[in-house]
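These protein sequence lines are chains H and D, in that order.
Under this note's numbering, read the first sequence as residues 598 to 711, first letter to last.
Under this note's numbering, read the second sequence as residues 5 to 116, first letter to last.
For the record, the hints were derived by calculation from the structure and aren't laboratory data.
No residue lacks a Cβ here, since even glycine has one placed at the ideal position from N, Cα and C.
Each hint should be verified, as a subset may be incorrect.
[Said to hold, decoys possible] Pairwise CB distance ranges (calculated):
id, chain 1, residue 1, chain 2, residue 2, range
1, D, Gln48, H, Val657, 18 to 24 angstroms
2, D, Pro45, H, Ala679, 24 to 30 angstroms
3, D, Gln73, H, Val609, 43 to 49 angstroms
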Amino acid sequence: NAGVTQTPKFQVLKTGQSMTLQCAQDMNHEYMSWYRQDPGMGLRLIHYSVGAGITDQGEVPNGYNVSRSTTEDFPLRLLSAAPSQTSVYFCASSQGLAGRNEQFFGPGTRLTVL
Amino acid sequence: AQTVTQSQPEMSVQEAETVTLSCTYDTSESDYYLFWYKQPPSRQMILVIRQEAYKQQNATENRFSVNFQKAAKSFSLKISDSQLGDAAMYFCAYRENNDMRFGAGTRLTVKP
Chain H
598 NAGVTQTPKF
608 QVLKTGQSMT
618 LQCAQDMNHE
628 YMSWYRQDPG
638 MGLRLIHYSV
648 GAGITDQGEV
658 PNGYNVSRST
668 TEDFPLRLLS
678 AAPSQTSVYF
688 CASSQGLAGR
698 NEQFFGPGTR
708 LTVL
Chain D
5 AQTVTQSQPE
15 MSVQEAETVT
25 LSCTYDTSES
35 DYYLFWYKQP
45 PSRQMILVIR
55 QEAYKQQNAT
65 ENRFSVNFQK
75 AAKSFSLKIS
85 DSQLGDAAMY
95 FCAYRENNDM
105 RFGAGTRLTV
115 KP
């Protein structure tokens, strides 16, 4: 199993550009989520999904869109990038809700918005 | 909203010694889970240990153990016999259903 994969590993955008961060998992996990990690702030939840066709907002959803058309994929879209979105982005998945199920993280995407 | 606080931005320990990382959290829930994650320079988030709030017994995983004080909302991580490979950022995290919150992290340095 590849686990949770993310592409790209690095990305530089100009203000106003759009892009999609890709996330895929091959563990048939129901729950997938996106976090951003900023210096000195730990990880913060952006959006999550509890299954195909179901998404919801986390702590910091503004400026990001998500969709979940398949169990495996959970892309994160930046519609109009802003410098405040410069961060490291992590995708994660787990089997079902609740903390009893271990959450597996992808390797992260470092995004810089100029 | 739930918050997680790690009051030690940096800690250091001598190889083979023991170190304790602190974490406090704020919640009004009674059923939740607590975690410690390790993040080495590779950026990969690695689960170190997990504690279920309804269990009074402290979790242990080899050299890693926790001191879970539910009433005090405290969840500290003890690393025994520290090794050079333990050097990393350590994050405390809280999860209740879909909500997961992380602390700001503690950078652990291990001195040979």
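- Take a look at whether the Cβ-Cβ distance between Gln73 of chain D and Val609 of chain H falls inside 43 to 49 angstroms. holds, 45 angstroms
- Task: Confirm or reject the claim that Pro45 of chain D and Ala679 of chain H have a C-beta distance inside 24 to 30 angstroms.
- Result: holds, 28 angstroms
- Is the gap between the beta carbons of Gln48 of chain D and Val657 of chain H within 18 to 24 angstroms? holds, 22 angstroms
Violation of the numbered hints given earlier is absent; every hint is satisfied by the structure.
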